[in-house]
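Work the whole structure out from these sequences, hints included.
Reading the sequence shown from the start, the letters are residues 1 to 628 in this note's numbering.
Everything labelled a hint here was simulated from the structure, so no lab data went into it.
Heads up, some of the hints might be wrong.
As the list claims (entries may be wrong) - Pairs of lysine to aspartate or glutamate residues, derived as DMTMM-like cross-links and limited to a Cα-Cα distance of at most 20 angstroms, are as follows:
{"id": "1", "residue 1": "Lys612", "residue 2": "Glu394"}
{"id": "2", "residue 1": "Lys612", "residue 2": "Asp383"}
{"id": "3", "residue 1": "Lys233", "residue 2": "Asp221"}
{"id": "4", "residue 1": "Lys233", "residue 2": "Asp291"}
{"id": "5", "residue 1": "Lys419", "residue 2": "Asp554"}
{"id": "6", "residue 1": "Lys228", "residue 2": "Asp182"}
{"id": "7", "residue 1": "Lys419", "residue 2": "Asp458"}
{"id": "8", "residue 1": "Lys422", "residue 2": "Asp496"}
{"id": "9", "residue 1": "Lys612", "residue 2": "Asp598"}
{"id": "10", "residue 1": "Lys233", "residue 2": "Glu544"}
{"id": "11", "residue 1": "Lys419", "residue 2": "Glu430"}
{"id": "12", "residue 1": "Lys422", "residue 2": "Glu394"}
{"id": "13", "residue 1": "Lys419", "residue 2": "Asp496"}
To be verified - For each label pair, taking beta carbons as the anchor points, the in silico distance ranges come out as:
{"id": "14", "residue 1": "Val255", "residue 2": "Ala550", "range": "54 to 60 angstroms"}
{"id": "15", "residue 1": "Pro342", "residue 2": "Gly298", "range": "25 to 31 angstroms"}
{"id": "16", "residue 1": "Ala297", "residue 2": "His599", "range": "26 to 32 angstroms"}
{"id": "17", "residue 1": "Ala256", "residue 2": "Ala542", "range": "37 to 43 angstroms"}
{"id": "18", "residue 1": "Pro543", "residue 2": "Ala386", "range": "30 to 36 angstroms"}
{"id": "19", "residue 1": "Gly346", "residue 2": "Val255", "range": "18 to 24 angstroms"}
Glycine is no exception: its CB is placed at the ideal position from the N, C-alpha and C atoms.
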Amino acid sequence: MRAARTSPLPSQPACQPGRRKQIPLTKKILLTVLALTGVVAGGCAWQRQPPPSAAPAPPAADQPVPPPPASGNVITVAVEAAPPRLPARTNRSGRPLPLFETRHFVSSGRCANCHDLLTDRAGNDMSIAGHWRATMMANAARDPFWQAKVASEVERSPHIGQVIQQKCAACHMPMAWTEVADNPPLPEPVIFGAGFLDPANPLHPVAMDGVSCALCHQIADDGLGGDKAHSGKYPLDTAAAPPTRPLYGPYRQPVAAPMQGAVGFTPTYGPQTNDSALCATCHTLFTPFIDEAGNIAGAFPEQTSYLEWRHSSYAPPAGQRHDIDELDEHGPVRLCQECHMPHSDGGGVTIARWAPPETPERDHFSQHHFVGGNVHMLEIMRDNPAQVEATAGEEHFDAAIQRTLAQLSSRTAAIAITKVEKRGERMAVEVQVTNKVGHKFPTGFPSRRAWIHLTVTDAAGTVLFESGRPQPSGAIDGNDNDLDPGRFEPHYQTIDAPDQVQIYEAVMGDSENRLTYTLLRASRYFKDNRLLPAGFDKESAAPEIGVYGAARNDGDFQGGADRLTYLVPAGGPGLSITAELLYTPLSYPFLQDLAVDDHLPPVRRYLRMLAKADLRPVRVAGVAVRLP
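Quick look at the structure:
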C-alpha cells in the first residue's frame with residue numbers, strides 16, 4: 001500500500017509568538033512559481049472586491065456587541081476599495097443541457113423544456129434551469145478540484161479505492177450512482193477508468209448532470225434529519241413507475257397532468273422540500289478513515305453544516321415545519337432554503353412556461369440560485385468550459401459569481417473595531433467578528449478558511465503593524481501552516497506580533513497524532529475555531545460539531561461572535577487601523593499537498609487550470625478607523 005502523506009505534529013506549541021519564521025527553500029520556489037503563474041499583486045490588488053452591498057445586518061439580540069469607542073477618540077472611515085478583477089469577455093457558451101431518461105430519472109434538459117424562461121410579476125428572471133446550471137450543485141461532478149482530490153485519495157489508499165469512489169459518487173454523481181446501486185453488480189471502478197467520468201460509459205451524461213432536478217425532487221419524507229438519511233443516503237422510491245412516481249414540491253394541490261404526460265412523474269406536495277433536513281442528506285457527511293495499518297478504523301465528520309445549524313438559534317424546534325408561504329412569519333428561524341434559494345421579490349411566478357390556465361401564480365417562489373461561497377471554483381469552470389463539459393455559459397457563471405460575492409459581502413459576517421486604548425508604548429485594538437450565517441463559517445470541506453487581516457499605518461502611510469496579509473499564491477504572511485505543513489496557527493485571544501494570525505479553520509489529524517490533508521486518514525480535528533452561529537453553545541455541542549483547540553477555553557469565542565485584542569505600536573497622531581475578514585475556499589496547504597500527486601491526470605489537469613486562476617481571497621467584511 002502506498003503510504004499516506006502526513007506530517008508529524010510537533011509536541012511544542014503550534015506557534016511561538018514573536019519568533020522568526022523561516023521559509024524552506026522548496027517552499028520559496030513553489031511560492032515563486034505560484035506567484036508568477038497567478039495574479040501579481042499591486043497596491044491593494046491582491047484582494048478581489050465584492051459588489052456594493054447593503055449595510056451589515058445587526059447581530060442577533062442574544063449576542064450583544066460591545067460598545068464602540070467613545071465619541072471623539074476614533075473616526076470611522078470607509079474601507080478603501082481596490083478595483084475588482086474583471087475577466088476578459090470571451091462570450092464562452094456552455095453545452096446544451098442533456099436530454100436523457102433512465103429507469104429512475106430524467107435529465108435537467110427535459111425539465112428545462114417547461115421550467116425555464118420564467119419571470120415574476122416585476123419582470124425579474126426566475127428561470128429555474130438558467131439559474132441552476134451555473135451552480136456548484138449542477139456542477140458537482142464537473143468540479144475539477146473534487147475530481148483531483150478524489151483521484152489523490154484513491155492513489156493514497158488504493159486498497160479501499162472502490163469505497164472512496166462509492167462514497168463520493170453518492171453525492172456528486174447521485175443519479176448515476178442510484179442507477180447502479182439499485183441494479184447490482186456495481187461497476188468497478190465507479191468514477192475513474194471506465195467509470196462515470198469516461199465519455200464511453202453509458203451513464204456518463206447522467207453522472208455529469210450533477211445534483212439535478214429529478215434527484216432532489218424525488219427525495220422522500222422518510223427519516224430525513226436522522227442518521228440513516230445522512231452521508232448520501234437520500235431516500236428515493238425506486239419502486240414507483242411512470243407516470244405515478246412522485247416528484248415532490250413545496251406547493252399544495254399542484255396541477256398534475258402536464259408533468260405526467262411530459263416526463264412521467266406526478267407532481268406531489270412534499271413539505272420536506274421546504275425543510276433543511278432534505279439538504280442534510282449530503283451536507284451531513286461522515287467519511288471512513290484508516291489507521292496506520294490501513295484498516296478502516298471509524299468515521300470522520302467531513303462536513304456537518306446541518307448539525308451545526310440544528311445547534312443554533314436559527315433552527316426550529318425538532319419536528320416543526322413551515323409551508324413555503326409561511327417563511328416570513330416564523331421569527332428568528334431560518335432554513336437552508338431561505339438563504340441559499342432566496343424568494344423572488346416580485347411574486348406572481350408561474351412555475352412552467354406551458355402551464356394550463358388553472359395553474360396558480362406563486363408569490364413565494366424559491367430561486368434556484370443555490371448560492372454559496374465558492375467563487376474560486378465558479379471562476380475556474382467559467383474560464384475552462386470545454387475541459388469541464390460545462391452546460392453553463394459565461395453569462396450564467398458571471399451571474400452566479402456576482403450572487404456569491406454579494407452573499408459573502410452582505411449576508412455572511414461583520415467585523416468591527418470595538419475599542420482602542422493606549423497601554424504603555426502600545427495601542428490595544430479590540431476587534432469583534434460576528435457570524436451572520438446559520439452554521440459555522442467557514443463550513444463544509446476542511447480546505448476552507450477565513451482570517452483577519454489587520455493593518456496599522458501612521459499619518460504618512462507607513463505600515464507600523466500588519467497581521468494576516470494575503471499573498472497572490474493563496475498563502476498568508478506569518479501563517480505557520482503555509483510555511484510548514486506540519487504546524488498550524490493556534491486560536492488567539494491576544495495578538496502582539498505580525499507573524500501571529502487569527503485564522504478560522506478546521507485542521508485535521510490522523511490516528512497517529514499527525515497533521516494530515518488526506519481525508520481518508522483524518523480521524524479528528526486538532527483545531528476547529530470556525531466562527532459559530534448565533535445560539536451555538538460550545539459546551540453542549542456534540543463531538544462531531546465541537547470546538548477544538550484553544551478556542552474551546554476562550555470566553556470571548558461564543559455562539560455568534562469572536563473577540564480578540566491586537567497589541568500594536570502606538571505611533572503618533574493620525575494613526576489608521578484597518579481590519580478585514582478575508583475568505584478562501586481552498587487553502588494554500590491543501591493545494592501544496594494535492595500538488596504532490598501531479599502525476600495523476602485529474603490532479604495535473606486541475607493544476608493547469610489553477611495556474612491561470614485568481615487565488616486572491618474575497619473580502620467578507622471590513623472596517624477602518626483613524627485616530628485624531
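Hint check results:
1. Lys612 with Glu394: Holds. Lys612 to Glu394 sits at ~17 angstroms (cutoff 20 angstroms).
2. Lys612 with Asp383: holds, 9 angstroms
3. Lys233 with Asp221: OK: Lys233 and Asp221 at ~13 angstroms, within 20 angstroms.
4. Lys233 with Asp291: Distance ~25 angstroms between Lys233 and Asp291 Cα, so the pair is violated.
5. Lys419 with Asp554: holds, 19 angstroms
6. Lys228 with Asp182: Distance of about 17 angstroms is within 20 angstroms: holds.
7. Lys419 with Asp458: holds, 18 angstroms
8. Lys422 with Asp496: Satisfied, since the Cα-Cα distance of roughly 14 angstroms is no more than 20 angstroms.
9. Lys612 with Asp598: Judged against 20 angstroms, a Cα distance of about 16 angstroms means the pair holds.
10. Lys233 with Glu544: The hint holds at about 18 angstroms.
11. Lys419 with Glu430: holds, 5 angstroms
12. Lys422 with Glu394: violated, 52 angstroms
13. Lys419 with Asp496: holds, 16 angstroms
14. Val255 with Ala550: 54 to 60 angstroms: Once the Cβ atoms are compared, 57 angstroms apart, the range 54 to 60 angstroms for Ala550 and Val255 holds.
15. Pro342 with Gly298: 25 to 31 angstroms: At roughly 38 angstroms between Cβ atoms, Gly298 and Pro342 fall outside 25 to 31 angstroms, so the hint is violated.
16. Ala297 with His599: 26 to 32 angstroms: At roughly 28 angstroms between Cβ atoms, His599 and Ala297 fall inside 26 to 32 angstroms, so the hint holds.
17. Ala256 with Ala542: 37 to 43 angstroms: holds, 42 angstroms
18. Pro543 with Ala386: 30 to 36 angstroms: Check failed, 45 angstroms falls outside 30 to 36 angstroms.
19. Gly346 with Val255: 18 to 24 angstroms: holds, 22 angstroms
Comparing the model with each earlier hint shows violations of hints 4, 12, 15 and 18; every other hint is respected.
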